[in-house]
Amino acid sequence: MNEHPATDALFDALGDGTRRAILEQLRGGPLPVVEITRRLPVGRPAVSQHLKVLKDAGLVSARQDGTRRQYQLDPAGITAVRAWLDGLWEQALDAYKAAVEQDSGS
Amino acid sequence: MTTTPVRKSVTVDADQKRAFDVFTARHGTWWPSTYHIGTSDYETAVIEPFAGGRWFERGVDGSEADWGKVLVWEPPRRLVLAWQITPDFQFDPELVTEIEVRFEPIGPAQTRVELEHRYFDRFGGRAAEMRAIFDSGGVPGAPQGWAGILREFAAVVAPPA
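Those sequence lines, one after another, are chains A and B. With the first letter of the first sequence counted as 1, position 80 gets the number 80 in our numbering; the numbers rise by one all the way through. With the first letter of the second sequence counted as 1, position 132 gets the number 132 in our numbering; the numbers rise by one all the way through.
It is possible that some hints are incorrect.
Unchecked claim - EDC-like cross-link-like pairs, simulated, lysine to aspartate or glutamate; straight-line CA separation at most 20 Å: (1) K97(A) to E116(B); (2) K17(B) to D86(A); (3) K97(A) to D15(B); (4) K8(B) to D21(B); (5) K8(B) to E101(A); (6) K69(B) to E100(B); (7) K52(A) to E90(A); (8) K8(B) to D86(A); (9) K52(A) to E35(A); (10) K52(A) to E24(A); (11) K17(B) to D94(A); (12) K97(A) to D13(B).
These are computed hints drawn from the structure, not numbers from a lab.
Next up, chain A with everything else stripped away, as it sits in the complex (with noise of 0.2 Å):
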């Protein structure tokens, strides 16, 4: 079943509170890497570490800004959504077999 490393990457990236709480802080805008971590507990570093990780899940986006670095979510983060029905139509289809297979004796 584990066949979805985009589904598994993007859960990965959701099951860690500070990561929830880097796109929380997105949801107004693109930041810049010293924004972020005045906003939050955790050192630069760890900053760094965990956009990379929301980078690599499709979750955020880098673009350059003049000569800053500004992160976003990910505006065509369709990645998400595609994963997600991916495992809606995974579910539903098991079911759907189950309910043929139960009818057919009737």
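Given the coordinates of chain A, work out where chain B should sit on it, guided by the hints.
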């Protein structure tokens, strides 16, 4: 860049007609009841049996919430549904993603059901709104719905270290 469709298939021990009938006429009996958007607790889900028909859920209090509509109705071999739910779990008549379901007989009593959910790029920038579900306590109007499931799933696969 185009997002790859979700493709799933399942082989069921039933003839083509029964496979199609259970998928459509008995949709509400197998749909995972936790996946719903209505404010009321889920009672059933309905696919109306004609092109242009509605695809919706009905709550225990009788209220209905649209999910989409029937685009193609070709019993017993093919069905195309429009999924019109945004990433923040609201029905949006302007959004049309497609789910095509094909029922291929592979024996007198076996049918292969192939499902494709496509056109994710139509979610567009709204996909970012999914974040609100991931990192907040839920979605207004769907407190016990999909958001809850996602959060439970996330908790299971990634327990606190």
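query: Going back to the hint list, which numbers does this structure go against?
result: 2, 7
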